Amino acid sequence: MQVTQSQSAALHFNFSSGEPIYLQLAEKLELLIVSGTYLPGDKLPSVRELALEAKINPNTVQKSLSLLESNGLISTERTNGKFVTQDRDLIAARKLALAKKYTTTFLLKMAEIGFHPSEVARFLKTTGDNLKGNSSEENSF
Amino acid sequence: MKKTHSSPLLEISSLGKTFEKTPVLSDINLTLESGKIYGLLGKNGAGKSTLLKLINDLLVPTTGNIRFKGHPLGVASKSRIAFLPERTYLDRQTTVLDNLDLFATFYSNFDRKKAYSMLASLDLDPSIKLSTMSKGMQEKLQLVLVMSRHADLYILDEPLGGVDPATRDFVLDLILENFDPSSSILISTHLISDIERILDEIIFLSHGKITLTGSADALRAQYNQSIDKIFRETFKC
Numbered sequence: 001m002q003v004t005q006s007q008s009a010a011l012h013f014n015f016s017s018g019e020p021i022y023l024q025l026a027e028k029l030e031l032l033i034v035s036g037t038y039l040p041g042d043k044l045p046s047v048r049e050l051a052l053e054a055k056i057n058p059n060t061v062q063k064s065l066s067l068l069e070s071n072g073l074i075s076t077e078r079t080n081g082k083f084v085t086q087d088r089d090l091i092a093a094r095k096l097a098l099a100k101k102y103t104t105t106f107l108l109k110m111a112e113i114g115f116h117p118s119e120v121a122r123f124l125k126t127t128g129d130n131l132k133g134n135s136s137e138e139n140s141f
Numbered sequence: 001m002k003k004t005h006s007s008p009l010l011e012i013s014s015l016g017k018t019f020e021k022t023p024v025l026s027d028i029n030l031t032l033e034s035g036k037i038y039g040l041l042g043k044n045g046a047g048k049s050t051l052l053k054l055i056n057d058l059l060v061p062t063t064g065n066i067r068f069k070g071h072p073l074g075v076a077s078k079s080r081i082a083f084l085p086e087r088t089y090l091d092r093q094t095t096v097l098d099n100l101d102l103f104a105t106f107y108s109n110f111d112r113k114k115a116y117s118m119l120a121s122l123d124l125d126p127s128i129k130l131s132t133m134s135k136g137m138q139e140k141l142q143l144v145l146v147m148s149r150h151a152d153l154y155i156l157d158e159p160l161g162g163v164d165p166a167t168r169d170f171v172l173d174l175i176l177e178n179f180d181p182s183s184s185i186l187i188s189t190h191l192i193s194d195i196e197r198i199l200d201e202i203i204f205l206s207h208g209k210i211t212l213t214g215s216a217d218a219l220r221a222q223y224n225q226s227i228d229k230i231f232r233e234t235f236k237c
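Chains as they are written, first to last, in the numbering used here: chain A, 1 to 141; chain B, 1 to 237.
Heads up, a few of these hints could be off.
[To be verified] Distance ranges between label pairs, derived from CB positions: (1) Ser17(A) / Val75(B): 40 to 48 Å; (2) Ser34(B) / Asn80(A): 23 to 31 Å; (3) Tyr102(A) / Asp125(B): 44 to 52 Å; (4) Leu124(A) / Gln222(B): 34 to 42 Å; (5) Asp125(B) / Leu124(A): 55 to 63 Å.
Keep in mind the hints are simulated off the structure, nothing from the lab. Bear in mind that the values here come from a model prediction, so they are computed numbers and not experimental data. Don't be surprised by glycine CBs; every beta carbon is placed ideally from N, CA and C.
Using the sequences and the accompanying hints, generate a full structural model.
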């Protein structure tokens, strides 16, 4: 199996949500690609391996891969399997699209609880600084 | 018999079953294809087990008919459909090995190697007697026996019924690992949240009738809810 432990942790889902599982898996795989866990040109695990790793039906995995393929993020080499695209610009563009999506969700939530955009910026900075502090503390153990 | 090849794996038409004037199933129409995992979901008493017994030719339909690969049920369907009934029928005085022998004798398509590898992953010693095994262990053994047959259709009636929640995932993984994409699996259960991750297609059965069918992901998208929640809302008392 090519999926390492840190990757496999990323393949566990929230099955209680109404979001189709194939979309959840497609997004997780996209994350693994834009974050560089899978590098451009890397071979992806087989459908069967992914199904067992994610603990879902192989047909669902197939559907996720078809979606990524239609987005151009992966491609099929006839008998060899599926590979991450070599197109770094495309990966960068998808990364930016994901960043926009997460930021929008975040800003909407903050607006819901009454944060003004200027306050959000300040809040982000202090929270970010705190996070850095915490993680260095953890590392010292 | 040229049409056989294109016939669906299983075709149920206008099926009904009445026990002493009480209708248990009525007007069931259902087509199963190869390569999919179907979930037959319904509350206790909805008629799930009756439907599965009819498909396995263990009961005679009151109305309608069932065709397996284009043919009426019979010797061929018996050898190509592997059935895990809700209740165990294994002899408690026998050992695990005795049962492997029994299945190998009864079913030419029984794969002993597959059985051994599943037993090993379950930490089941082939030499022990069933009477010393827990109920959950016996159920797992029975699942191993059924999944070790090479069949076109596996029918599992409440395979999670007697196993504790921690073991359910293990059983589901065992089913997934041994799922041969050229066959199909039909699983009945009322434990939907545990099982929905492995299902392709959903069949809701309520009061002896099919109330909803469709692909699991399409239903999730349509209702914007998990299958478990759709089930709870659809069958609210």
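Hints and how they fare:
Hint check: Ser17(A) to Val75(B), Cβ distance near 46 Å, so the stated range 40 to 48 Å holds. A hinted range of 23 to 31 Å holds for the C-beta pair Ser34(B) and Asn80(A), which are about 26 Å apart. The given range of 44 to 52 Å is respected by Tyr102(A) and Asp125(B), whose C-beta atoms sit roughly 51 Å from each other. As the Cβ distance of Leu124(A) to Gln222(B) is approximately 37 Å, the hint placing it in 34 to 42 Å holds.
Distance hint check: the CB atoms of Asp125(B) and Leu124(A) are about 58 Å apart, consistent with the given range 55 to 63 Å.
The structure agrees with every numbered hint stated previously.
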